[in-house]
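Participant: Read off the chains here:
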Amino acid sequence: MNRVFLRLFKAIDAAGDWYDRQRGDGFALYGLVFTLFVVAIVLGLFTYVSIAGFPRLGTRFFTGFASRIPEQAGILPAFLGTLWVMALVFLISFPLGVAAGIHLERYVSQRRLARLLEVNITNLAGIPSIVYGLLGLQFFVRGLALGESILAASLTLSMMVLPLVIVATREALRMVPGSVTEAAYALGATKWQTIWYHALPLAFPGIISGVLLAVTRAIGEAAPLLVIGAVAFVPFVPASVFDYFTVLPVQIFFWATKPQSSFLINASAAILVLLALTLLLNLLAVRIRERWHKRIES
Amino acid sequence: MFKIEVRDVHFWYGNSEVLHRIDLSMAPKTVTALIGPSGCGKSTLLRVLNRMNELIPGSRLSGEVFIDGRSIYTPDVDVYELRKRVGMVFQKPNPFPKSIYENVAFGLRIKGINHRSFIDEKVERTLRQVFLWEEVKDKLHKPALALSGGQQQRLCIARALAVEPSILLMDEPASSLDPISTAKLEELIYELKQTYTIVLVTHNMQQASRTSDRTAFLYKGNLIEYADTATFFTNPSSQSTQDYITGRFRTEG
Ligand SMILES: Nc1ncnc2c1ncn2[C@@H]1O[C@H](COP(=O)(O)OP(=O)(O)OP(=O)(O)O)[C@@H](O)[C@H]1O
Ligand SMILES: [Mg+2]
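Heads up: the sequence lines are chains A and B, in that order. Everything in the first sequence is counted per our numbering, starting at 23 for the first residue and increasing by one. Everything in the second sequence is counted per our numbering, starting at 136 for the first residue and increasing by one.
Hints are not guaranteed to be accurate.
Below, simulated PhoX-like cross-link-like pairs (lysine-lysine); rule was C-alpha separation at most 20 Å, straight line [to be verified]:
1) B/277 with B/257
2) B/355 with B/164
3) B/227 with B/319
4) B/328 with B/355
5) B/138 with B/257
6) B/227 with B/272
7) B/328 with A/316
8) B/246 with A/213
9) B/257 with A/316
The hints are simulated quantities; they were obtained by calculation from the structure and are not laboratory data.
Build out the structure end to end from the sequences listed, making use of the hints.
Facilitator: Shown next, in the form of structure tokens:
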């Protein structure tokens, strides 16, 4: 195996040298090769999932509940569960994360404390998601007695993505030109007025991108939710945040681990739905940013 | 009574003392020019007057500054109120990345004024004050950053005036302007003097002599000479002032 790789690298190296002689930029070729490699993998996966899952995407699939018969199973509870989680994670992580970000960036005056907190938050972002699942189980499900509910799941996921929002907020605030802040102070604006009228509007596109990224991350998670007790069969449409729940990734997990291969078709179809949601969130982020820039410029 | 009194002020950035024993008083409705070689502490002295220096971590001041007879460095002073009374214009025009209108309105909004027609009126009045109204009245809601440098600087002055200060600190306001904009600005300073007490930092000797009533020469953080502008330029008492204004000055080290 190693030999094969070695040969491959040598071949690429030689190609690079040749390209160097032709055009004078070997690195561009390396870049191109590896980019194409990654793109090919992603496209391959996507094609595979599409071919497998697409035929299943009918009304029944969207309006059906879990079932023992793959052709009759649907994602309605999982889809609605994901929408609930999406909305709740947004509503929880946005204000909390932005507030924490503002505080850390503009209000913590002791350098050492700020450093310490910064390191900790960066580390938090790197903790495996399943650990958050355990935290959620102990703290939200049992401690606060929220049970295995949508709310407990959303709180758990919010804790998990909070570092993303905080870091995005801080970075966006750091990009605000110092001259703007200084000008506001010189007019007699308080710290809060300076932040509210100038820093936040300028930082908003960066912040909203961070929040939507965080939400995207949250709706793709299965592991922590399995830990806190997402269930495979939800025979009703969730109507409140205290209901039992399932979400798309959990549903996908359950289907993918079933022995019957026709459930894999269901899993693929559900993956397509999840991908579409993710794409939608990203488009939304782009739209909001564009709108905002227009607003600021006029 | 003096409008501004600086008494025995020393100022440090970290461990380096950049202002040494400054004593300086300014009468109401006068223009005082601060001149001196680069790095001598002009901006620092200016920012001591509205406590903008406090924003720099590790900076420290001793001595006292009185504005309208009241010390501005005592703990009971509301620094935000102080800065509303002592407006400031920066070297580089720095309008907010918002509309022309919002730039001027901001000073009112932070005072809690939200009355639409009141703000409209105030925006027009201050823009007229800086002779900008005719140029921008049709594009009030267009971005301020689309204006020319000279227009931006006048907008920044209007923005400061909207807060209704009685003192205006200007840190080389003409340094990035062309001669025509500079002439307009000097005219404006002359007009503003009827209402405001102005402290003007400038590198331009002619500008100092044209616009100011009194001139102060700072060198390496020391106040070398402070006199009537006419006297200052025709009959300076110190040799280094003489050297500086005639351009024979050498900054050593
Ligand atoms: N934020 C700061 N931290 C540390 N030292 C500073 C800071 N700002 C200024 N200094 C130092 O203080 C001294 C005075 O600076 P200041 O900006 O007041 O000079 P200036 O007379 O305004 O110069 P210029 O004409 O170039 O604007 C300089 O030696 C400068 O290096
Ligand atoms: Mg300066």
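Participant: Compare the structure with each hint and give your call.
Facilitator: Hints versus structure:
no.: 1; hint: B/277 with B/257; in the structure: 18 Å, holds
no.: 2; hint: B/355 with B/164; in the structure: 28 Å, violated
no.: 3; hint: B/227 with B/319; in the structure: 17 Å, holds
no.: 4; hint: B/328 with B/355; in the structure: 29 Å, violated
no.: 5; hint: B/138 with B/257; in the structure: 26 Å, violated
no.: 6; hint: B/227 with B/272; in the structure: 23 Å, violated
no.: 7; hint: B/328 with A/316; in the structure: 39 Å, violated
no.: 8; hint: B/246 with A/213; in the structure: 14 Å, holds
no.: 9; hint: B/257 with A/316; in the structure: 26 Å, violated
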